[in-house]
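Asks: Spelled out, the chains give:
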Amino acid sequence: MKLHEYQSKNLFAQYGVPIPKGRVAATAAEAREIADELGGRVVIKSQVLVGGRGKAGGVKLANNGDEAEQLAREILSMEIKGLPVRKVLVDQGIDIETEIYFGITNDRSARRPVLIASAAGGVDIEEVAATTPEKIIRVHVDPLLGLRDYNVNDLAAGIELPRIHWKAFGQIAHGLWKAYLESDATLAEINPLVITGDGQLLAVDGKVVLDDNALFRQQNLVEMRDLDAEDNSEIEANKFGLTYIRLDGEIGCMVNGAGLAMATMDMVKLYGGEPANFLDIGGGASEEKVAAALRIILKDKRVKAVLFNVFGGITRGDEVAKGILAALKEVNPDVPMVIRLVGTNAEEGRKLLAEADMITAETLSEAAQKAVEAAKGA
Amino acid sequence: MSILINKDTKVVVQGITGRQGSFHAERMIEYGTQVVAGVRPGKGGEWVLDGKVPVFDSVKIAKETTGANTSLVMVPARFAPDAMLEAADAGIPLIICLTEHIPVQDMMRVRSYLDQKGVRLVGPNCPGVQTPGECNIGIIPGDIAIPGNVGVVSRSGTLTYEVLYALKNVGIGASTCVGIGGDPINGTNFIDVLQMFQDDPGTDKVVLIGEIGGTDEEKAAQYIADNMNKPVFAFIAGKTAPPGKRMGHAGAIVEGGAGTAEDKIKALQAAGVQVADHPEQIAELIKG
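Note that the protein sequences, when read in sequence, are chains A and B. Be aware that the first sequence starts at 1, since it is given in the numbering used here, and climbs by one per residue. Be aware that the second sequence starts at 379, since it is given in the numbering used here, and climbs by one per residue.
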């Protein structure tokens, strides 16, 4: 789950990271009000959960309340990469001297958190990483010790931060670390961290990505969730504990297990078809879950055939069969369905499904081939 | 021969009183696995599974009483980090954790602590380990693999079943099958298991089942090229996965062009690994 810029910065501020004065607005009039409060010179920033807002014209500088209102109106009527702009952040204009990149994320291969900083902040950090990797400084943190002052010193020295700013930087580093830790973030990023003309450090832009697996203990943050950026079917699937991802093809897939689901999609492609989705019903799926999964697949009108591939282990074949039968009664699909059922209680499952009008297959290859053929015929 | 577990392995199941824990402990016992203890704080002194398995309040007491040397963790995600730390603290040298959805930051702390203790972890978010005919710890169905000389290591659960089953159908058996799990931070990785298979006299050939995300397959390829003389066969899932989307496993995400199926396949082929187009084809490739 991603947080908006204003949410991220407010979170950082709670941990002592200085941010520019500003507030979020949902209307042009509100934006004007905030701009007037802040003395007129402000930045109007669209709040959408995609990158490249600036390039899309979603970030503009205003010199007074009139301009702020006008620009806010324009930005609030925009759509950026398919997402409607519902809010803008109105921040005080900052006199920028230097722009630094500073982020904390999980380094998968080192299996520990890593602080990343660069004196070449403000621009696309991936670009810097690709062209001048020596400008990116990484310092790992021991997950059992937490952030230590010497970690921060290594980082500050690495980016050749002038000594006069070390104290302020240390405070920001500890604040960002706490924000990362206590919100179970997989990314907490300040870009740019600005050194202002009068020598202050300010987090001018912020980004936080939360670990979906930790949301159970992050209730306050979960309430900030913006569903605009998420697919309706994916949200629906989530409610049932299913993992569904919509793709562009015509063959709906229902599989148990993420690896097998990916392999099933690959097989469909191998035999000349295109998968309409990734759907993992998970381990030990109940009848209700299977029924919900089938409803979600069939809601997609591009689907010309459905392929079920279930290899029972913790999942039981008879439960899957019952779920399919229950869903079929409700939705009465007009597309052909191919099923392959192996493993735990598969025999019982096949017996239950004998009455339904389904094409059966023994192996994964056979199932994929039959589904592709069925979709062509439909 | 085998790696990690065999007929002498003594298992304590953490979470044995849960629905999944009891169902699978029962099947493990039917398989012939020595399930010597269960742990459920507050239920010490009870017996479960028709009086076959004693339950203890902690792993420490279970180990002292029964001599358990391997722990199977089957508790919900919010309790799993504590369960792993407890097993490590009790001196259990091998922990197999099936639990999925464990927060990443928890896993980094757990892994760091286990490393300091010299404890081996398999998983989390894995189907377990099976040495066919001897010992089955986890949820890999007991009847889909036969004893043999092929070592199997995989990041996926059901995809592993698919491969074991395809091997069995052509009469090929496995020495040990290790599910290392699909999480971004896990315990044992591909290289650890490849090294064990290389050193195991009971393993002649190795199957590696990978998927998109991370660079573990690429590192494994490098290891194979440098250190292995046993033939390795592979399958990589996720060729059709769109970038930036997480495909179920928290680890299976392709970001910024790294971790694609194509990159992994190329790296493995360059290391002399035969890569199958689909999981069932692995059996054909091994048969030759």
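Incorrect hints may appear among the rest.
As the list claims (entries may be wrong) - Each computed DSSO-like pair below joins lysine-lysine, with the alpha-carbon atoms no more than 27 angstroms apart:
no., chain 1, residue 1, chain 2, residue 2
1, A, 21, A, 2
2, A, 376, B, 617
3, A, 299, B, 617
4, A, 370, B, 583
5, B, 546, B, 583
These are calculated hints, taken from the structure and not from any lab test.
Asks: If a hint holds in the structure, say so; if it does not, say that too.
Replies: Against the structure, the hints:
| no. | hint | in the structure |
| --- | --- | --- |
| 1 | 21(A) <-> 2(A) | holds (22 angstroms) |
| 2 | 376(A) <-> 617(B) | holds (22 angstroms) |
| 3 | 299(A) <-> 617(B) | holds (25 angstroms) |
| 4 | 370(A) <-> 583(B) | violated (33 angstroms) |
| 5 | 546(B) <-> 583(B) | holds (15 angstroms) |
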